[in-house]
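Peer 1: Please construct the entire structure, taking both the sequences and the accompanying hints into account.
Top line first, the protein sequences correspond to chains A and B. Residue numbering for the first sequence follows numbering that gives the first Met the number 0, starting at 0 and increasing by one per position. Residue numbering for the second sequence follows numbering that gives the first Met the number 0, starting at 0 and increasing by one per position.
No wet-lab data here; the hints were simulated from the structure. Just so you know, even glycine gets a beta-carbon here, dropped at the ideal spot from N, CA and C. Be aware that a few hints might be false.
Which chain A residues face chain B? A few, computed with CB under 10 Å, are given here [to be verified]:
#1 F134
#2 V144
#3 A150
#4 A191
#5 A195
#6 R197
#7 A200
#8 D201
#9 P202
#10 F203
#11 M251
#12 D253
#13 E256
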Amino acid sequence: MRDVCIVGMAETAVGRLEGSTSIGLQAEASRLALADAEIAPGQVDAVYNLDPYTQAMSMFAQSLLEYMGLRPALAATIDAGGTVTPMHMILNAIAAIGQGYAEVALCTFGENALTGRPKGVHGLPQGPSLGQEEFEEPFGCIGMVIPYALAAQRHMHRYGTTKAQLGAVAVSARAHAVLNPRAQMRKALTLADYLAARPIADPFGLLDCSVMSDGAGAVVLTTVERARDLATTPVRVLGFGGKATHKNVNQMPDLDELGLRPAGEMALARAGLAIGDADFCCIHDAFTISTILGVEALGLCPEGEGGAYAAAGALDLGGPCPVNPHGGLLSHAHIGGMNHLCEAVRQLRHQAEPARQVPEARVGVVSGNGGVFSLCGVMVLGRGL
Amino acid sequence: MPDYARPLPRPSAATRPFWDGCREGVLRLPWCRACGRPHFFPRALCPHCLGPDLEWRAASGRGRVWSHSTVRLSFWGKAFDDGLPYVVAIVELEEGVRMLSNVVGCPPERVTIGMPVSVTFDEVTPETTLPRFVPRAAIA
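Peer 2: Okay, structure coming up:
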């Protein structure tokens, strides 16, 4: 096996990008990431992406390589689910490059989720099936907000988590986004603003939910040997761990049996590190409850105490382990977790704006999941070779 | 009822006995003849042991609320607008399986985790009856 590292990273603008297309956004992020790596497009021999959630498309990796004029040896659309999908793209890249089937791999996700969805549809539209048709949708459990609300209600019941503690997650994410010129949501947010937001599905109001975004991100991987000749600061994948338990919320195990904890333990063990070694975390935060469960599962605080941990300001820049210094899915953008990985690379390269750069960051932990904590993944990234 | 605009289940061979049971006013669960355990949702094999030999048995229809959310926005066009707010709940049946449904028959703010509930059947179209749940105190 050859050692592999991340040598290119880029994001497009995010937010409301009128006239954008999913393929155009992925191509733009890919072009920028290749330029960032100083690798010529003709050298890409593996392409991994995901088709848009707002409009399911077949063989989308092939559409992208055609659009970009690439002729790689390998191309695949990888749908592991939600924010864990980019990690599985990277795992495929590591395997392909490590085994010598490819030299340069391009991984990208993005879509026009904000402007490209049908008018009047909340959250994901009714196009791609989430598998809820027979035993959830007839009862009005549609999309992802209600499933996560059910998880949040369960957390509040089991551990006494409060609405204000959920709000602390949203407020922290927004405070970071205010410092991030790339973020979609840059207006300061107070707990009072959060509590006054429009109720959606109890206990969630609008500001418990991640934003819908147009935008894309991409990373480029190659061998460590090749990276030595490149100008960029390489970022290594020190470890990965995963665990699947179910798909839809009606099959979700109880909160202490979710896959995020074993995924995190597996990833850190593989890296030979403990969570205390992490300089920052990029935690899946499609909804406020996700961050609370994430800090618990990664061991930043004891089980059940994620709400108090957030309310104490421990997620914030300057805290013991800053969480989502870009603003997360809640306030930076929701581009399928690719922005979590891009932010981790940016932080590890020490390229974030000074106000939100984690000083001397060397290890970052990224978590993701598809569905409602269904397929969980944790990736540990490290600066340099 | 001809204007029923909300999503409806489309039963398959593996799930039709469940939906037929609802139309008959019986909540049925699939049980595995190999490992002796029930499961839900219904499917063509047992998720505990992959045994394909299943039998349908009437369930008690009783359980407790495992989690719930009061929904205040229609996520299916405007189809749920006339029913807002409504309660989506995961109910843990006495048989040990959980199913997603609705709690009806009481104000949403009265629904709590652990609340005892019993099944009730709601004929939403001539073809489809949905199993929902009511607080058990309400029918005792």
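Peer 1: Does each hint fit the structure? Answer for all of them.
Peer 2: Consistency of the hints with the structure:
{"no.": "1", "hint": "F134", "in the structure": "holds (5 Å)"}
{"no.": "2", "hint": "V144", "in the structure": "holds (7 Å)"}
{"no.": "3", "hint": "A150", "in the structure": "holds (7 Å)"}
{"no.": "4", "hint": "A191", "in the structure": "violated (20 Å)"}
{"no.": "5", "hint": "A195", "in the structure": "violated (15 Å)"}
{"no.": "6", "hint": "R197", "in the structure": "holds (8 Å)"}
{"no.": "7", "hint": "A200", "in the structure": "holds (5 Å)"}
{"no.": "8", "hint": "D201", "in the structure": "holds (4 Å)"}
{"no.": "9", "hint": "P202", "in the structure": "holds (8 Å)"}
{"no.": "10", "hint": "F203", "in the structure": "holds (8 Å)"}
{"no.": "11", "hint": "M251", "in the structure": "holds (8 Å)"}
{"no.": "12", "hint": "D253", "in the structure": "holds (9 Å)"}
{"no.": "13", "hint": "E256", "in the structure": "violated (13 Å)"}
In the structure shown, a violation is registered for the earlier hints numbered 4, 5 and 13, in ascending order.
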